[in-house]
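Going line by line, the protein sequences match chains A and B. Sequential numbering from 1009 applies to the first sequence in my numbering. Sequential numbering from 631 applies to the second sequence in my numbering.
For the record, the hints were derived by calculation from the structure and aren't laboratory data. Every residue, glycine too, gets a C-beta built ideally from N, C-alpha and C. Incorrect hints may appear among the rest.
Cβ-Cβ distance ranges computed for the label pairs, FRET-style [as the list claims (entries may be wrong)]:
no., chain 1, residue 1, chain 2, residue 2, range
1, B, GLN1065, A, ARG1394, 29 to 37 Å
2, B, GLN1065, A, LEU1289, 13 to 21 Å
3, B, ARG1112, A, ARG1394, 18 to 26 Å
4, B, ARG1112, A, PRO1280, 27 to 35 Å
5, A, LEU1023, B, LEU930, 45 to 53 Å
Simulated crosslink set (BS3-like; lysine-lysine; CA at most 27 Å straight-line) [said to hold, decoys possible]:
no., chain 1, residue 1, chain 2, residue 2
6, B, LYS881, B, LYS807
7, B, LYS840, B, LYS807
8, B, LYS843, B, LYS864
9, A, LYS1243, B, LYS1061
10, A, LYS1279, B, LYS929
11, B, LYS1064, B, LYS840
This is what each chain is made of:
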Amino acid sequence: MMLALEMYRSPAKYLAAKAVRGRIPGMLTGPAAPLRLVTINEPKAERDGWARIRPILSGICGSDLGMVTGSTKLYFSAVVSLPFVPGHEIVGELLDDCEDLPRGTRVVMDSVLTCAARGVEPCDGCSSGNTNRCDRITVGHVAPGLQTGFCQDTGGGWGNLLVAHRSQLYAVPDGMSDERAVLVEPLAGAVHAALRANVQPGQSVLVSGAGAVGLFATLALRELTQAGRITVVAKHAKQRELARAFGASDVVAPDEVFRGVRRSTGAFRLKPEFGAPEFLLGGVDVAVDAVGSKDSIDTVLRVTKAGGRVVLSGMPAGGADLSPVWFRELEVTGTYASARQEPNGLPAFETALELAGRAPLDGIVGARYPLYRWREALDHAHSAGRLGTVKVAFDVRAS
Amino acid sequence: MSRPGFVLEVDDRTPPLLVHNGEGFLLERFPQGTRVVYPPEALPAVRDVDEAIQNALLNPIDSEPLPELLRAGMRLTIAFDDISLPLPPMKKPDIRQRVIEAVLELAAQAGVDDVELISANALHRRLTPNELREIVGERVFRSFFPDGKLYNFDAEDTANLTHLGLTRHGEDVEISKRAAESDLLVYVNVNLVAMDGGHKSTSIGLASYKSLKHHHNSHTMIHSRSFMDHKASKMHHSAWRMGEVLTQHVKVFQIETTLNNDIFGGPLEFLQKREWEWSIKDQASMLGTKRALAAAPAKLRHKIFTDVRSNYGLTGINAGAIEPVHEKTIEAVHRQHLVEVQGQSDVAIMGVPFVGPYNVNSVMNPILAACMGLGYYFNSYRGNPVVRKDGAVILYHPVDYEFSQLHHPSYVDFFEEVLAESTDPATIEAKFEKQYAEDPWYIHLYRTSYAYHGVHPFYMWYWISHALDHCGDIVWVGGNRRTVERMGFRSASTLQDALEMVSHSVGRSPSITYLHNPPHLLADVR
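Here chain A stands alone, though its shape is the one from the complex (with noise of 0.2 Å):
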C-alpha cells in the first residue's frame, strides 16, 4: 500500500470546479476539487521493460492544475483512466533493474505512454520518432492515458510509488541536482516547441506568459535557435526578472504587448472600431503562446506579422478569435510534450539534460510540499507567479 494523491470521476465536482475557476481559489483545492488524499494499492511492473520508480520530487505542471480547477476540455476525458494518480515531472529512484538501467538510477521520465511502452505495434508517430504524436494511448496492456500521470495503471509522481517503462526513462547524470532533475521534462516540452517553432536566423520572437513554460521555451530559443529578438510578455517581476535571465531581450507587461512588438518590429497598429481589440499589421515572424488561455491567444494571434508562425504551447482554453488566421494567412502550429526525435535528430530528453545541466536554474524550483500539504501546493501553484515562484513541486520522499 502506498500513500498518493488521486484524481478520480466526480462530474458533481468537475462541474463545480469548472464554474469556479479562478474566482475562489480555495474552492479549488478545497471541497470542489475531485482529488483526495487516499492509501492505495502499490501499481505493479510485472512486464518485460517496466520497473518500479520511488519519485523524489514530483512537480505541479500547469495542465494537472488544469484538471483540478476544470479549465482541461472534456476532449481529454477519452485519453486518461479514472482514478488516477496524477504527477508527470519527476525525478526519481529506481526500485528495481530496468534492462540496462541498474537500480538505484536517478532517473527523469518522458511521460507520454507511447507503442513501445504498451507492447503494441509503433503506430506512424512511434515509428517515425514523433513519439508524442503516438496514436495507441488506449490500447495495449495499459489502461488508457495518453501520458504517465493521466493512467490508472501506472501511478504518477504524486504517490509514493509509479511503474514506467524503459522506453520513457533517462538517468540522471550524478552531478545533476534533484531540483535540476526535476525540471527536465518540462525543459524537453520546451526544446520541443522551440524546435517545432523552427525560428530562422534573425527572426522575431514572442513569448506570451512567462510561468515555467513561457519561461523554458524563452530559454530553449534562445539556447537552441537563433532567433534574433525575443519579447517574453510577464506579469510579475521575478518574472521579468527571469525571463531576460533566460535569454528575453525585450520583457513586456500584458497590457503593453501591442505597443512593445509595434515598437521592436515597426508594425502598424490598428484600433477597429466599436471596442474590438486591436491588432498589428506587421509583427513578430514567431509568436509563441505559453499560457492557452484565451486572451493570450487573441494576442498572439494579432501580433504575428502576415505568413508568420503561431505555436500554441500551453493547453488551449479556446473561444480565441481566428479572423487574423485567416486574413494574415497564419500558420498556427501546436505542440505537446516531447519527442523521441526531434528536427535536431536527439530525442527532447536529451537536449533538456543537457540544458538543465548548464542553465540558471537554480531557485526555479521555489516550493517544495509533502503530499500531505497537497491543498497548500496547489494553491501555491495556482499563484505562483504572484509569489515569485516558477514551480512548486511536491517533496514525495518527505511525505
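Mind docking chain B on chain A? Use the hints.
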C-alpha cells in the same frame, strides 16, 4: 507705462506668492530671503498694426522693399511659424494673419499668382485645418486651403525635399523643395522669446530630420548656453551656418514680429500682477478661479486652459534680410523680457504652467513637463544659469501619467521603453534615436495623422540635457512619484520637503531664486 521686471526679496510682510502648477496654480509661502524674479510688465503695443506692417514691408532692412521683389510669373512661397507659437495662442486676428494678408495684397498687386503657404512645423505635428485657419484667418484659409496651396510642411515627403548642400562643418541643409525652388521665400515669424527667429525660422522650420539631427542632438544641446542667446547657443550656431547655405540658394524675405507680455486678461488678469498689488477684485478672481479649478473635473479644467487666448500687443515688426532683422527682434525681445539678476543662487524654483510649445490643444505629458521646466525655463537666462553649478532646481507640476495617443504616440514608448533603460541623453541618443526616427508607424502617423515625429521626444529630452548636466538635484513638488522617478528625478510633497531633500547638496540655508513666470522673463544673470 510698463514697469521693468524686478527682483523682490521675501520678508515677513511678503504675502504667499502664486506658483503655476500645471492646469492650476497655488499660493506658496517662500522662505524669507528668497529672491523672486518678476517679469517686466507688458510694453505698450503698437497702435496701428496695419501701418506698422506696411512700413516694415515697404522699408525693410538690407533689402529691397517687398513690392520690388514681387513680379508676375514668379513663384512665391510664404512660410509661417506653426501653432507652437505664441503661448498661449493669441486672440484673433493672429499677427501672422495680418502680415500674410498684407504680403498677399502686395503679391496680388504685382500679379503673382503662383503662391503657396507652408506651416513651418518641421517635425512638429501637422496643424488641423481649424488650427491653420486660426493662424492665417478665414479669408486666406478659404482662398488657399481647398486648392492645396496652404498646407503643413512634411519632413518625410522625400520627393518634396531639396538638399541644398553642406555647411562648412559638414552639416546637411535639406529643406522644403517648394521653398528651395521659389523665387522668393517670405517667412512670417512670431517672436515670443529670444530663442525664436533668425536663421532658426527657415533652416529649422522647413528642414528634414537629416538636417535637424546635426543640431538637435545631446552634444549640441548640452553646449548651448543658453537657447535664449543665439550667440552662445551651439544649436543656433549650427542654424546660422545652415542659414548661410540656404540664403545662397534661396532669396528670403524675413518678417519678424515681437509681442508684449500681455498674456492673461479678463478673469485671469491677476496671474500677471504682483501679489501684493492684487486688488479686492483680483483676490476674489484668484480665490474663485482656484476653487473652481479644484472642483472642476479634469476634462473641464483641461478645456478651460486649452481655451485661453492671450491679448498680446505687437511691440515691433521688422522685415528684410534675416540677420539684421533678427538683431532688431532680439532688441525688442530683450526690452520686454530682460530682468537683471545679481549672481547665481543655490536653488532655483519654477512653476511649470499648463501649456508649452508642444502641447497646444493637447496634454502636457511628463516629458513635455520636464522640457518646459528644465528646457525652457531653466534656459531662460543670459550669461549664467540662475542656479549655480551643482545647485538644485525645484519645479512645480503634477507630472501625471497622461499622454495624448493622437499627438504624442512615440512619447509613450519613449517614456516606457527608453527612459526605463537610461535617462542619459547621449546614451539614449546612441541606442534608440535612429530606431524611433525611422519607425514607419511614427512616420505614418506624423504624415497622415496629427502626431509629432517619432524622434521628437528625444529632442525634448536633449533640450533638458544642459540642466541635467548643470544641476546637482532636481525635485518636483507635487509630482507623480512614478513618472518623476522614471525620468530620474525625485518628488516631494511640499516645498519644505523639497528643500530638505536637496539640503545635502546646497545646505540648510541655501540662497533661493524663484522665477515668477509666465509671463515670460529672461534672467540676465551677472
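Each hint, compared with the structure:
Between GLN1065(B) and ARG1394(A) the CB atoms are about 33 Å apart, so this pair conforms to the stated range of 29 to 37 Å. Taking the beta carbon of each, GLN1065(B) and LEU1289(A) are about 19 Å apart, inside 13 to 21 Å as hinted. Checked against the hint of 18 to 26 Å, the pair ARG1112(B) and ARG1394(A) passes, with Cβ atoms roughly 20 Å apart. Distance hint for ARG1112(B) and PRO1280(A): a CB-CB separation of about 31 Å, consistent with the stated range 27 to 35 Å.
Between LEU1023(A) and LEU930(B) the beta carbon distance is about 51 Å. The supplied range of 45 to 53 Å therefore holds. The hinted pair formed by LYS881(B) and LYS807(B) meets the criterion: a straight-line CA distance of about 14 Å does not exceed 27 Å. A threshold of 27 Å between alpha carbons decides the hint, and for LYS840(B) with LYS807(B) the separation of about 14 Å falls inside it, so the pair holds. Using a Cα cut-off of 27 Å, the hinted pair LYS843(B) and LYS864(B) holds, with the two alpha carbons roughly 13 Å apart.
For the given pair, LYS1243(A) sits about 26 Å from LYS1061(B) by alpha-carbon distance, which is consistent with the 27 Å threshold. Pair hint LYS1279(A) plus LYS929(B) holds up; C-alpha atoms about 23 Å apart against a cutoff of 27 Å. Taking the CA atoms of LYS1064(B) and LYS840(B), the gap is near 11 Å; set against the 27 Å cutoff, the hint holds.
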